[in-house]
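J.: One letter stands for each residue in the lines below.
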Amino acid sequence: NAGVTQTPKFQVLKTGQSMTLQCAQDMNHNSMYWYRQDPGMGLRLIYYSASEGTTDKGEVPNGYNVSRLNKREFSLRLESAAPSQTSVYFCASSEILGQYALHFGNGTRLTVT
Amino acid sequence: KQEVTQIPAALSVPEGENLVLNCSFTDSAIYNLQWFRQDPGKGLTSLLLIQSSQREQTSGRLNASLDKSSGRSTLYIAASQPGDSATYLCAVSSHPAYEKLTFGTGTRLTIIP
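Residue numbers (this note's numbering), protein chains in the order written: chain A, 66 to 178; chain B, 652 to 764.
If you are wondering where the hints come from, they were derived from the structure by calculation, not from laboratory data. Be careful, since some hints might not be right.
In silico DSS-like cross-links for lysine-lysine, where the CA-CA straight-line distance does not exceed 30 Å [unchecked claim]: (1) K751(B) <-> K136(A); (2) K693(B) <-> K79(A); (3) K74(A) <-> K751(B); (4) K719(B) <-> K122(A); (5) K693(B) <-> K122(A); (6) K693(B) <-> K136(A); (7) K693(B) <-> K74(A); (8) K122(A) <-> K751(B); (9) K122(A) <-> K652(B); (10) K122(A) <-> K79(A).
Here chain B stands alone, though its shape is the one from the complex (with noise of 0.2 Å):
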């Protein structure tokens, strides 16, 4: 059974620090991989997804990287702002169930003006 894990479950960075999001996963056969960010109150909005054949993303000041040998994504946001304050989750859809998202419990992050 798929298992995704985001550690740590809160993170404090001042307002300019570049910051690395860690994601990982215990079934390397997986499908692809969504980051998400999650405002209170709010549903998610998918920020990037990795295909299985791909090793990163990027959009804007965020990028993704996917490593499946290792079961591991690491999500980096660079010169982060008080916007960014939010909670990221990562997901990953594992064959061959490929239409059921396995989801982390997230990195509530905060970003200190």
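Bound-form chain A, shown alone (with noise of 0.2 Å):
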């Protein structure tokens, strides 16, 4: 079972530049997230979406955008990287808001010079 998979794995930016994270779930989840992954902060949720045609700010939305594409696709957009967003990029979907166990994908490494 593929789960939650995440493209590109690995992504190095220079600052202004613009790229998308891809995300895709194949477990017929309603609702997916994106979280970013810190030393010593923990994850923390930018954006999720509560099922298909819904999106939503979580903690920390300032310079991403999101597209939820479809049931199982869900993308992160980073319109003009600076410096502050380099992290690790995760994936995450549910069967229902909040109330199931999170699937994580592997992640999205990302520096921005």
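Mind docking these for me? Both chains are given alone in their own frames, and the hints should help you get the complex.
T.: Structure, rendered in structure tokens:
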């Protein structure tokens, strides 16, 4: 079972460049999430999508945009990358918002120089 | 604001020992609590999910307990094995924003063969 698949696994950007992180899940889950993980700060929620067609801001949404393309796919876009966005980004999904176990992808390691 | 603390940050124990990992949270109005493990360079794997109405959950050699009134959860690992070496994180969802998990920074566990 693939579960949650994220691409790319690694990326280096220069300040000001843009990119889109892709995420897809094959578990027929309704809810999807984007988190970032930084040393000493734990994981923080960037955006989430309770169901297909809806998206909402999480704890740290500034500098990011998301698209819930369909039930399977949830993408995260950085329009103008900044060094502060250097982090490991995780996509996750769950059957229903907040009520069931989260399933995570393996992450994207992003460095902005 | 909910805060989640995991102490110690790192723990080493000989193979075969039983061990307990701790998680404390500041706001007892939680919706649920999850324990995850994270292997180096990988995403998080959900181990156990405890709903606020439950006292404990068990899966194989793992047992997680929840005491909302004291703001504490423990993860008990029986007969530890080298394959249990990983970072263990707990996360709580709190009313009313139950879509947002607040994560601890984890305990890095090393099982010594």
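J.: Decide, hint by hint, whether the structure agrees.
T.: Do the hints match the structure? See the list:
| no. | hint | verdict |
| --- | --- | --- |
| 1 | K751(B) <-> K136(A) | holds (20 Å) |
| 2 | K693(B) <-> K79(A) | holds (25 Å) |
| 3 | K74(A) <-> K751(B) | holds (25 Å) |
| 4 | K719(B) <-> K122(A) | holds (28 Å) |
| 5 | K693(B) <-> K122(A) | holds (25 Å) |
| 6 | K693(B) <-> K136(A) | holds (24 Å) |
| 7 | K693(B) <-> K74(A) | holds (10 Å) |
| 8 | K122(A) <-> K751(B) | holds (10 Å) |
| 9 | K122(A) <-> K652(B) | holds (17 Å) |
| 10 | K122(A) <-> K79(A) | holds (25 Å) |
Of the hints listed earlier, there is not a single one the structure fails to meet.
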